[in-house]
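Single-letter residue listing:
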Amino acid sequence: MSATQRLTGHQLVVIFQTGGQNYVISGDQTSLEITMDTNEADMTAGADEYVYMKPTVCMTGATLTCKYIGTNGTATWGAIPVGTEGTLIYGPEGTAAGKPKGGFPCYIKSKPFSIPYNDAIVRTATFSPQGGVYGTSVFDPDVHTF
Amino acid sequence: MISALFEGIRGKLIADTAVKAVTTRVYPVLAPQSAPLPVIVMQIAAGGSLNETPRDELDVWVDVKAIAAEAPDALSLADKIRAALHEQDLSLGGNWKTVRCQHERPWTFQVTEDGRQYWQAGGTYRIRAVVEVNP
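Just so you know, the protein sequences line up as chains A and B, in that order. Per the numbering used here, the very first residue in the first sequence carries number 1; after that it's consecutive. Per the numbering used here, the very first residue in the second sequence carries number 1001; after that it's consecutive.
Keep in mind that the hints were calculated from the coordinates and are not lab data. Since we're looking at a predicted model, the values are computed, not measured. We treat Cβ as the ideally placed atom computed from N, Cα and C, and that holds for glycine. Accuracy of the hints is not assured; some may be wrong.
Said to hold, decoys possible - Have a look at the derived ranges for each label pair, beta carbon to beta carbon: (1) A:Lys54 with B:Asp1056: 17 to 23 Å; (2) A:Gly70 with B:Ser1091: 17 to 23 Å; (3) A:Gly98 with B:Gln1043: 34 to 40 Å; (4) A:Ser110 with B:Glu1070: 37 to 43 Å.
Said to hold, decoys possible - Cross-link-like lysine to aspartate or glutamate pairs, in silico, EDC-like; alpha carbons within 16 Å at most: (5) A:Lys67 with B:Asp1059; (6) B:Lys1012 with B:Asp1089; (7) B:Lys1012 with B:Glu1113; (8) A:Lys67 with B:Asp1056; (9) A:Lys67 with B:Glu1052.
Stated by the list, open to error - Chain B is nowhere near these chain A residues, computed Cβ spacing over 12 Å in every case: (10) Asp28; (11) Lys109; (12) Ser114; (13) Thr126.
I would like the entire structure built from these sequences, with the hints used as guidance.
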């Protein structure tokens, strides 16, 4: 498919790398939410009319929402329990060479379920950052490619 | 996909002892004019592909009705159809797996054509299905 300036998420690939293994955890996702922001310090002086904020450290995070696939997910979801440390890699347009690449070192902070009686069972996984040096282990899909 | 749905419903109905004792004539959309009553007819009512995840999923409402010459026969067969389908696993064929099959709305009506009465009773069934990776 040719490059366009409008995209949907249908080509998304999400991989969690840990222990020398790549676990593809996309395929049943309904959304991937990525946060990229900074903490900030209030530098406002007493005489200032408006607040003056200064960026301090950067922070990334992610939440993947998927439909639950039962024992079909044992080899992937079962291999990355809560607390597992690794690297999250995501490709909004897949992982072909030249396509945008995002990711960051992180650990799996939570994997809760939602189990409604008459609707699809949904799971989420949240990924908390573990630092990383921008440009090497933190990948910004606006900058980096596969 | 539509044929898998119809085959799944038809297969379940003609294998059901109570339904089979009354009729095994189950048709999609319209019964042949020559088919003796009672018959069962099914039709897609609503829904379709979910397109919510990369996996192929269906969420479809199918009307399944009994058509008989007498009202009690149609009502009785509709009850048997419900017992055969509600919360049951349908064999849809291919890689399609039933997630859930549920009876939702019952309905009845009657039409008269050429001086002959056709009593119809049935229900709308919600069928959710998915193509599994490891069928």
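Okay, the hints, checked on the actual structure:
1. A:Lys54 with B:Asp1056: 17 to 23 Å: Once the Cβ atoms are compared, 50 Å apart, the range 17 to 23 Å for Asp1056 (chain B) and Lys54 (chain A) is violated.
2. A:Gly70 with B:Ser1091: 17 to 23 Å: Since Gly70 (chain A) and Ser1091 (chain B) have Cβ atoms about 19 Å apart, the given range 17 to 23 Å holds.
3. A:Gly98 with B:Gln1043: 34 to 40 Å: Between Gly98 (chain A) and Gln1043 (chain B), where Cβ atoms are some 48 Å apart, the hint is violated.
4. A:Ser110 with B:Glu1070: 37 to 43 Å: 60 Å, violated
5. A:Lys67 with B:Asp1059: Distance of about 15 Å is within 16 Å: holds.
6. B:Lys1012 with B:Asp1089: Measuring from Cα to Cα gives roughly 9 Å; hence the hint holds.
7. B:Lys1012 with B:Glu1113: 30 Å, violated
8. A:Lys67 with B:Asp1056: 12 Å, holds
9. A:Lys67 with B:Glu1052: 9 Å, holds
10. Asp28: 5 Å, violated
11. Lys109: Lys109 (chain A) clear of chain B: closest Cβ-Cβ about 23 Å, beyond 12 Å.
12. Ser114: 15 Å, holds
13. Thr126: Non-interface label on Thr126 (chain A) holds, nearest chain B Cβ at 19 Å vs cutoff 12 Å.
Hint violations for this structure: numbers 1, 3, 4, 7, 10, all remaining hints satisfied.
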